[in-house]
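Number of protein chains: 2
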Amino acid sequence: MSELKSYHMPPEEFRRLGYQLIDWIAEYQQRVADLPVCSQSRPGGVRAKLPPHPPQTGENLQALFSDLETIILPGITHWQSPNFFAYFPANTSAPAILGELLSAGLGVQGMLWATSPACTELETHMMDWMVELLGLPESFSSRGAGGGVIQDSASSAAVCAIIAARERINALRSNESGCDGRLTAYASTQAHSSIEKGIKIAGIGRDNLRLVDVDENLAMIPEALERAIAADIAAGKKPFFVTATIGTTASNALDPLMRIGAIARKHHLWFHVDGAMSGMAAICPEYRPIQEGLHLADSYCTNPHKWLFTNFDCDCFFVADRKALIESLSILPEYLRNQATESGAVIDYRDWQVSLGRRFRALKLWLVLRHYGIEGLQYHLRRHIQLAREFAEWVRQDANFELAAPAPLNLVCFRHRGGEAVNQALLDRLNHSGKLCLSHARLRDRLTLRFCVGQTHSERIHVENAWRHIQNTATQIVKESDQI
Amino acid sequence: MSELKSYHMPPEEFRRLGYQLIDWIAEYQQRVADLPVCSQSRPGGVRAKLPPHPPQTGENLQALFSDLETIILPGITHWQSPNFFAYFPANTSAPAILGELLSAGLGVQGMLWATSPACTELETHMMDWMVELLGLPESFSSRGAGGGVIQDSASSAAVCAIIAARERINALRSNESGCDGRLTAYASTQAHSSIEKGIKIAGIGRDNLRLVDVDENLAMIPEALERAIAADIAAGKKPFFVTATIGTTASNALDPLMRIGAIARKHHLWFHVDGAMSGMAAICPEYRPIQEGLHLADSYCTNPHKWLFTNFDCDCFFVADRKALIESLSILPEYLRNQATESGAVIDYRDWQVSLGRRFRALKLWLVLRHYGIEGLQYHLRRHIQLAREFAEWVRQDANFELAAPAPLNLVCFRHRGGEAVNQALLDRLNHSGKLCLSHARLRDRLTLRFCVGQTHSERIHVENAWRHIQNTATQIVKESDQI
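Quick note, the sequences are listed as chains A and B, same order. The opening residue of the first sequence carries number 1468 in the working numbering; numbering runs sequentially from there. The opening residue of the second sequence carries number 1468 in the working numbering; numbering runs sequentially from there.
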C-alpha cells in the first residue's frame, strides 16, 4: 500500500508535531501561573466553538495549536497552576508526563502477565518500592501474601475493597447468589463520598452503611464504632467492612487507625484505609505516625496522582491478602487462558480491578521515583506542609479569620468571622478573580474555605500572594456590606 | 527558592528528553514489525533487572533509553506490531499518542464540569460526533434525553449499565436498602466475561445470570431468551437486564438486536448492547446492518481503543436516558457542590461512572477524528475487513484447515483439521516463533485459533506472511507427529 493513500500520519510529521507539543507543554508550565486559575467559561461556551460535525476528510493537526489557545485553554481550570489550592491537588511533573507519553507510544494492554510481562512486573516492583518509600507494613508487599496494584482512583480501590470484604465474610456466596441483606458497613461521617458510592454499587445499600460520629477534630470516635457494631450484631446484622481515613477530604482529619483496626480485628471486619492524598506524607519518616495502626488493615490506598507528582490516574492500592481480592474479582474465560496464568507463578492484574483492560501506568511512577529520588520527593512534601503551616499561622494571627479545623499537614480549613454570607462571597469572588482557586466544605454545618498546598510548583510567593488577596478581598466585601 | 535545589526537571531538560522520546516512539513504530511479537520473558525476568530499592537521590533520566532496550522491550508483547493478530486489537496512532501527551501536559481533573469545562464539553461533543459517525440512534445524542461518556473500558460500561438497570427496576431501592435477591439478568453463553463480573460486583449473584443458548452461528436465540424470562417470571423472579453483543469476543457472533430488543421492551428489561470492537465497523454505512435494532437499546458501548486508532483507554458508552444513569451513580458531598452543578445546565461526568476522578481523554479522540477524517477511518476499517476476508478464503481453500465460525468482519476463527493436539502445538509454536501473535478460544468445546486483523499498520504483506507461516508450521507439526 502506498504511503500516499495510507491516511496515517507520516513519521516525520509525528516528530515535528511531537516536538512542538513538547515545547507547548514546557511553555504552558512556565506561563500557567499567569493564566486565570479557574475557568470563566459559561455552559456551552466551549462547544459553541467546535464544528458541529466530524470532518469528512482529515485535516492538518498544525491547527491544534491555535485551537488550544482559543477553544481549550479558556475552558481549563488550571490544576497545574501554582495558584491552585482547591480540592486535593492532582499534581504532575515533567518525568510523569514523559512516562505517560511512553505508555501511549508502547500501547500495550496489561490485562494479563502474558500480554506484556514488563507491564505487570514493573508495576509490582513499583508497588514494592512504594511499600519501602512509605514505610508500609510488610504485609502489603508482594514478597508475602499481599501486594499492590495501580488503580485509576481511590474510588475504584474502595469498590474493590468492599467487594473483597463482602465475599470474605460470606465465603464468596454474594458473588454466587447475590447480596446478603444483613451486611453492614461503617465509616465516619467525614469519609469520602466514594465509600457510599461503592456501598451502593456493591449492592449493600446505603441504609446498611453506618456513618459513625466524629470527635472535636472530626476524627472517628472508636467507641461510637464499637457501639454501632454491637447494636447491629444484636439486631441480627452481619458487620463486614469498616473504613478509616488518613486525611479526610473535607478537613484532613486523621482517624485513629490503631483503635479502629483493633475493633475491626475483634469483630472480623475487613479494615480498609483511605489515605488518598495525605497518606503520601509518610514518605517523610517524621509523618509516619499518621499511619500507625496500618498493620491491622486489610487494604490501603494512597495516590501518587494527588501528591507525588504523577499525573492522574495512579492510585496505589495495597492488600494484605491478595487471594481474598483475586477470588472476589477473578473471571477466567477460555480466550484469556494461558500457560503463565495456569502455572500460578505470575500476577494477572485484571483480577485485581473492575476492568479487564489496563494500560502501562507503572512507567510514569517509575520515572518520577527515579528522577526525584526519595530525597527530592521528601523535600517537596515537607515544603508543602511547611507552607500550609505558615498559612495557618497567618490565619491565626488575623483577628478577622479563624481556623475551622486542625491543619496537621497541607490542608488548611479556615473561615472569615463575618458569617456565612461573607464566606460565600469571599469564595465566589476569589475564584472569579483568576488569581487563585480554592474550594469549600461544610464543617459542623458551617461554610469553610479549604486551602490545600500541593501543586508541584506552588512556592512561598504564591501562598503569600494568595493570603494577601484573601485578606484584601474579605476587607472589601465587609466594607461593601457595611455600606448597604 | 533556587532552581538548583528544586529537584524539578528544568524545562530545557524536559524538552531534550521529550524530543528524544518522540524520536524513540517514531522509531519504535518503524522497527516494531521486526521485533518478536510475543514476549519471550519468563516470570520474574523483568523484575530481576530492576534495582531492588527506590533510589535515595534522583538520577538523570537519560538512562531510560538504554533501560527501555534491555529491561522493558524484552518484556513487551507488541500490541502495536503489524504482526499482532491476537485477542481484539488495542490499536493506536500518531494523533492519539499526541492527544495523550497533551492530556498529561494539561493535567486537568474532569470530575465536574466546573473543574474544567473544556474537558466535559469536548467529551460530550466527541460523543455526539461518534453518534453521527456511527449512524447511532438519535436517542444516544446529548441533544435529547440521552448522551455519551468516555469510560475506561467496556467492563466499566457494563457495570454502569447493570447498576442503572438494577436501580430502574426497583426505583432506586437497591441503592437504598441493598439488592433484591429476585433480580435476574440475561446474556448469551458467548457474552464477554465482564458481564458476569459486573453481575457479581453489583451484588446480583452469578446464579441469577441466565446464559442463553446460541444458534449455529453462536448468536443468541431469541426464543430461548423469551423462555428463560417467562420461566423466571413464573418462579417469582424479577428479570431486569439483558445484554446482546455486536461481535462476541470468542467468534465475533452478531446477536439479533431487533428481536432481543423487542423482548426487552415487552418485559421492561434494560437492554445493554456491547459492541466493544465490532461496533466500530458501523462507521462504514455498508456495515450498519450489524447495529439494526440499536434504537431499542437503553445503553451501548463501542471502543475507539480497540478499533479506531485511539490508545487505551477510550470506551464510548451511550445511554438513551441519562437521568436513569445519573440517579443511580450520583453522590453530591458538600465539597463538590458548585453553582454550575446546581443550575442543572451542565454535565458532571463523575455521575456517569464508578470513579470520581477522570482525565481529559476526549483530546486523543478529537485528534484522531480530525487527523483521519471519516474518510481515512473508513478506509482502514474496510481494509482490515477485506484482509480478514481474504485470510478466511485462504483457510477455506486449504484442505488441512477449516473455518470454525462465520467471519462477518475482521476476526477469523479457524482450526487445523488434525485435532486438538495439533492446534495446541500450532498455537504455541506460532506464538513462540516471534513472527506473529494470535490467540485462541473454545467454540462448542473445540480449540479454535483466532486471527483478528485490526492493528493500525497491518497490511496485506503481514497477513500473507502470517498465513504462510501458519501453513508451514502446521505441516511441520504434522510431519513430526507422523514420525513419532
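Simulated from the structure, these hints should not be mistaken for lab results. Be careful, since some hints might not be right.
[Stated by the list, open to error] Below, simulated DSBU-like cross-link-like pairs (lysine-lysine); rule was C-alpha separation at most 30 Å, straight line:
hint, chain 1, residue 1, chain 2, residue 2
1, B, Lys-1902, B, Lys-1946
2, B, Lys-1704, A, Lys-1705
3, A, Lys-1705, B, Lys-1705
4, A, Lys-1704, B, Lys-1705
5, B, Lys-1516, A, Lys-1790
6, A, Lys-1704, B, Lys-1704
[Claimed, not checked] So the derived list for chain B, only partly shown, Cβ under 8 Å to chain A, looks like this:
hint, residue
7, Leu-1484
8, Ser-1560
9, Ile-1700
10, Ala-1702
11, Lys-1704
12, His-1936
Glycine included, every Cβ here is placed at the ideal spot set by N, Cα and C.
Practice prompt. Starting from the hint list further up, note which numbers the structure goes against and sort them upward.
Written response: 9, 10, 11, 12
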